[in-house]
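Student: Each chain, written out:
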Amino acid sequence: MKSWLKILGIVLLLYVHTAGLLMDVPRLAILNETVRALYFHVPMWFGMVLLYMLSVYYSIHYLRKPNPDTDSKSVAYAHVGTAFGILGIITGMLWANYTWGSPWHGDPKQNGAAIALLVYLAYFVLRGSLENEEQRARLSAVYNIFAFAAMIPLIFIIPRLTDSMHPGSGGNPGFNAYDLDSRMRLVFYPAVIGWFIIGLWIASLRIRIKRIEEKLDYNPS
Amino acid sequence: MKLHQFSGLIAGLFFFFLTFAPVYARQEVEMADTMRSEGKIYVIVGIILIVLIGLIAYLYLLDKKIKKIEDKLK
Chain A
1 MKSWLKILGI
11 VLLLYVHTAG
21 LLMDVPRLAI
31 LNETVRALYF
41 HVPMWFGMVL
51 LYMLSVYYSI
61 HYLRKPNPDT
71 DSKSVAYAHV
81 GTAFGILGII
91 TGMLWANYTW
101 GSPWHGDPKQ
111 NGAAIALLVY
121 LAYFVLRGSL
131 ENEEQRARLS
141 AVYNIFAFAA
151 MIPLIFIIPR
161 LTDSMHPGSG
171 GNPGFNAYDL
181 DSRMRLVFYP
191 AVIGWFIIGL
201 WIASLRIRIK
211 RIEEKLDYNP
221 S
Chain B
1001 MKLHQFSGLI
1011 AGLFFFFLTF
1021 APVYARQEVE
1031 MADTMRSEGK
1041 IYVIVGIILI
1051 VLIGLIAYLY
1061 LLDKKIKKIE
1071 DKLK
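Line by line, the protein sequences are chains A and B.
Under this note's numbering, the first residue of the first sequence carries the number 1, and numbering increases by one thereafter.
Under this note's numbering, the first residue of the second sequence carries the number 1001, and numbering increases by one thereafter.
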């Protein structure tokens, strides 16, 4: 990973964490200042989806042309994506506690996100339960495609079809409702890009560790 | 000074301090530096930035460590 990209990610996040707390936000009832959580909670989910997209890309790539390196890329992106998702669900619970009234509301968006995360956790269980490396890579690549195909409707489609309090679902508008003057976009998009870059960075470290491990397995000194 | 005059003075002084003392206490005690203004929001900004910078520095050190091992293996 190029170092200018890392620096860009760091600079964006430093900007987001300062401007996100200090810049003006729309004054809305119930939400009050918690509207700022948009800068920190939603980028986790955006980052998760982007990382899962990369993961499924490398899974398909692996199935077309088997290569251990593609497999380790696929698992690294899925791993960091799941970490982002867990942070997203925890921050969402804290936010929901003060805006919806309780941390777990049984809201379709929350339930869908939780099921999607469980589907991805099963991916790691599957990987851990297979000894043969080639078999593990192939089966988990197939499962990863299924997991991605299940995650999209669970998080983005089903909540829109039913009643949900979460913005962007069940007739509720997305975050367009908050940023009538699009002030919030100036912080929100940098936050998404910044966290995505940091996610890529963490994943790249995992990929490099995997390569080192493979090298050591190849020619143990 | 008669007793009732003296007690009147004491009562007056007492009344004076009771009403005005809090006003004096409130005056100009607050040091209006940036970190204390606007509900001390800058303190939180500082704390969050310290955590963020700390974690990124950790990530950077990890990166360097892995690089060292990679170089050793080459």
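By construction, these hints were calculated from the structure, which means they are not laboratory data.
Values in this document were obtained by computation on a predicted structure and should not be read as measured data.
A couple of the hints might just be wrong.
As the list claims (entries may be wrong) - When the alpha-carbon atoms are kept at most 30 Å apart in a straight line, the in silico DSS-like pairs for lysine-lysine are as follows: (1) A:Lys2 <-> B:Lys1065; (2) B:Lys1040 <-> A:Lys215; (3) B:Lys1074 <-> A:Lys215; (4) A:Lys6 <-> B:Lys1068; (5) A:Lys210 <-> B:Lys1067; (6) A:Lys210 <-> A:Lys6; (7) A:Lys210 <-> B:Lys1074; (8) B:Lys1072 <-> A:Lys210; (9) A:Lys215 <-> B:Lys1068; (10) B:Lys1064 <-> A:Lys215; (11) B:Lys1074 <-> A:Lys65; (12) B:Lys1064 <-> A:Lys2; (13) B:Lys1068 <-> A:Lys2; (14) A:Lys6 <-> B:Lys1064; (15) B:Lys1072 <-> A:Lys6; (16) B:Lys1067 <-> A:Lys2; (17) A:Lys65 <-> B:Lys1040; (18) A:Lys210 <-> B:Lys1040; (19) B:Lys1072 <-> A:Lys215; (20) B:Lys1065 <-> A:Lys215; (21) A:Lys2 <-> B:Lys1072; (22) A:Lys215 <-> A:Lys6; (23) A:Lys210 <-> B:Lys1065; (24) A:Lys6 <-> B:Lys1074; (25) A:Lys210 <-> A:Lys65; (26) B:Lys1065 <-> A:Lys6; (27) A:Lys2 <-> B:Lys1074; (28) B:Lys1064 <-> B:Lys1074; (29) B:Lys1040 <-> A:Lys2; (30) A:Lys215 <-> B:Lys1067.
As the list claims (entries may be wrong) - If the Cβ cut is set under 8 Å, some of the chain B residues that face chain A in the computed set are: (31) Ile1041; (32) Val1045; (33) Ile1047; (34) Ile1050; (35) Leu1061; (36) Leu1062.
Note that the Cβ used here is the ideal one computed from N, Cα and C, for glycine as well.
Student: Next step is simple, just say for each hint if it's right about the structure.
Tutor: Now for the hints, and whether the structure bears them out:
| no. | hint | result |
| --- | --- | --- |
| 1 | A:Lys2 <-> B:Lys1065 | holds (17 Å) |
| 2 | B:Lys1040 <-> A:Lys215 | violated (52 Å) |
| 3 | B:Lys1074 <-> A:Lys215 | holds (10 Å) |
| 4 | A:Lys6 <-> B:Lys1068 | holds (18 Å) |
| 5 | A:Lys210 <-> B:Lys1067 | holds (13 Å) |
| 6 | A:Lys210 <-> A:Lys6 | holds (20 Å) |
| 7 | A:Lys210 <-> B:Lys1074 | holds (15 Å) |
| 8 | B:Lys1072 <-> A:Lys210 | holds (15 Å) |
| 9 | A:Lys215 <-> B:Lys1068 | holds (15 Å) |
| 10 | B:Lys1064 <-> A:Lys215 | holds (19 Å) |
| 11 | B:Lys1074 <-> A:Lys65 | holds (27 Å) |
| 12 | B:Lys1064 <-> A:Lys2 | holds (14 Å) |
| 13 | B:Lys1068 <-> A:Lys2 | holds (17 Å) |
| 14 | A:Lys6 <-> B:Lys1064 | holds (13 Å) |
| 15 | B:Lys1072 <-> A:Lys6 | holds (24 Å) |
| 16 | B:Lys1067 <-> A:Lys2 | holds (13 Å) |
| 17 | A:Lys65 <-> B:Lys1040 | violated (57 Å) |
| 18 | A:Lys210 <-> B:Lys1040 | violated (45 Å) |
| 19 | B:Lys1072 <-> A:Lys215 | holds (12 Å) |
| 20 | B:Lys1065 <-> A:Lys215 | holds (17 Å) |
| 21 | A:Lys2 <-> B:Lys1072 | holds (21 Å) |
| 22 | A:Lys215 <-> A:Lys6 | holds (26 Å) |
| 23 | A:Lys210 <-> B:Lys1065 | holds (14 Å) |
| 24 | A:Lys6 <-> B:Lys1074 | holds (24 Å) |
| 25 | A:Lys210 <-> A:Lys65 | holds (19 Å) |
| 26 | B:Lys1065 <-> A:Lys6 | holds (16 Å) |
| 27 | A:Lys2 <-> B:Lys1074 | holds (20 Å) |
| 28 | B:Lys1064 <-> B:Lys1074 | holds (15 Å) |
| 29 | B:Lys1040 <-> A:Lys2 | violated (38 Å) |
| 30 | A:Lys215 <-> B:Lys1067 | holds (14 Å) |
| 31 | Ile1041 | holds (6 Å) |
| 32 | Val1045 | holds (5 Å) |
| 33 | Ile1047 | violated (10 Å) |
| 34 | Ile1050 | violated (10 Å) |
| 35 | Leu1061 | violated (11 Å) |
| 36 | Leu1062 | holds (6 Å) |
When the structure is compared with the earlier hints, violations turn up for hints 2, 17, 18, 29, 33, 34 and 35 and for no others.
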